[in-house]
Amino acid sequence: MAHIVKSTNPGELNGISAKTNDIHFGKLYTGYVNKRNEVEEKLSKIESADLDSANQVYSMYRGLKDGETFAANGMILHEVFFDILGGEGKPGGKLFDDIVAEWDSWENFEAIFMASGMAARGWAILAFDPSDEKLHIYQADAQNQGGVWGAIPLITLDVYEHAYMIDFGADRKAYIAAFMQNLNWDKINTRYEKISK
Numbered sequence: 028m029a030h031i032v033k034s035t036n037p038g039e040l041n042g043i044s045a046k047t048n049d050i051h052f053g054k055l056y057t058g059y060v061n062k063r064n065e066v067e068e069k070l071s072k073i074e075s076a077d078l079d080s081a082n083q084v085y086s087m088y089r090g091l092k093d094g095e096t097f098a099a100n101g102m103i104l105h106e107v108f109f110d111i112l113g114g115e116g117k118p119g120g121k122l123f124d125d126i127v128a129e130w131d132s133w134e135n136f137e138a139i140f141m142a143s144g145m146a147a148r149g150w151a152i153l154a155f156d157p158s159d160e161k162l163h164i165y166q167a168d169a170q171n172q173g174g175v176w177g178a179i180p181l182i183t184l185d186v187y188e189h190a191y192m193i194d195f196g197a198d199r200k201a202y203i204a205a206f207m208q209n210l211n212w213d214k215i216n217t218r219y220e221k222i223s224k
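If you're matching positions, the sequence shown starts at 28 in our numbering and goes up one per residue.
Please note that a few of the clues may not be correct.
Pairs of lysine-lysine residues, derived as BS3-like cross-links and limited to a Cα-Cα distance of at most 25 angstroms, are as follows [as the list claims (entries may be wrong)]:
hint, residue 1, residue 2
1, Lys46, Lys72
2, Lys121, Lys224
3, Lys117, Lys200
4, Lys92, Lys161
5, Lys72, Lys62
6, Lys161, Lys224
Derived by calculation from the structure, the hints in this document are not laboratory data.
The structure displayed is predicted, hence computed values, not measured ones.
Produce the entire structure from the sequences given, and follow the hints as far as they go.
In structure tokens form, the structure reads like this:
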């Protein structure tokens, strides 16, 4: 079954323009959905000769499998990204309580999360890892690198330039602050409650 666009465009946000979100959502996120479908369709029709020629340097099969994870993770991380925006950024609820318990204060967590956003080339991600039942901040230079198997993303901060260059130029720090001020904590807590049971 083909993947479909599940998220909605948040439009104009506090500090993040409708133009940025129109491009980010309409071209990039939607593009990942379409590309995932294309790659999966090609993989479903792979021939035995293509499997026989598979190798780690270059092969069509390697390229498709690499593209599969890049497109799938691009789709998934963007779905979380867009789904948790559109709020007032005021943290609260169970996730907030668990963040404070894990990082000693909201301010400490926020400093670490924002630093991860400054250090990453692609994503900073707050995730719940069922293997140790703890929250973790991960960063990824590419969306198919840096993740941990089984961990479920809760807050996904896209720090690729397309997410902020129109509105902030090269000022990534200001963009990250705007992102944090637009988080919808009701949606984030609903997501957290579903996956942390």
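Verification of the hints:
| no. | hint | verdict |
| --- | --- | --- |
| 1 | Lys46 x Lys72 | violated (38 angstroms) |
| 2 | Lys121 x Lys224 | holds (12 angstroms) |
| 3 | Lys117 x Lys200 | holds (19 angstroms) |
| 4 | Lys92 x Lys161 | violated (30 angstroms) |
| 5 | Lys72 x Lys62 | holds (16 angstroms) |
| 6 | Lys161 x Lys224 | holds (12 angstroms) |
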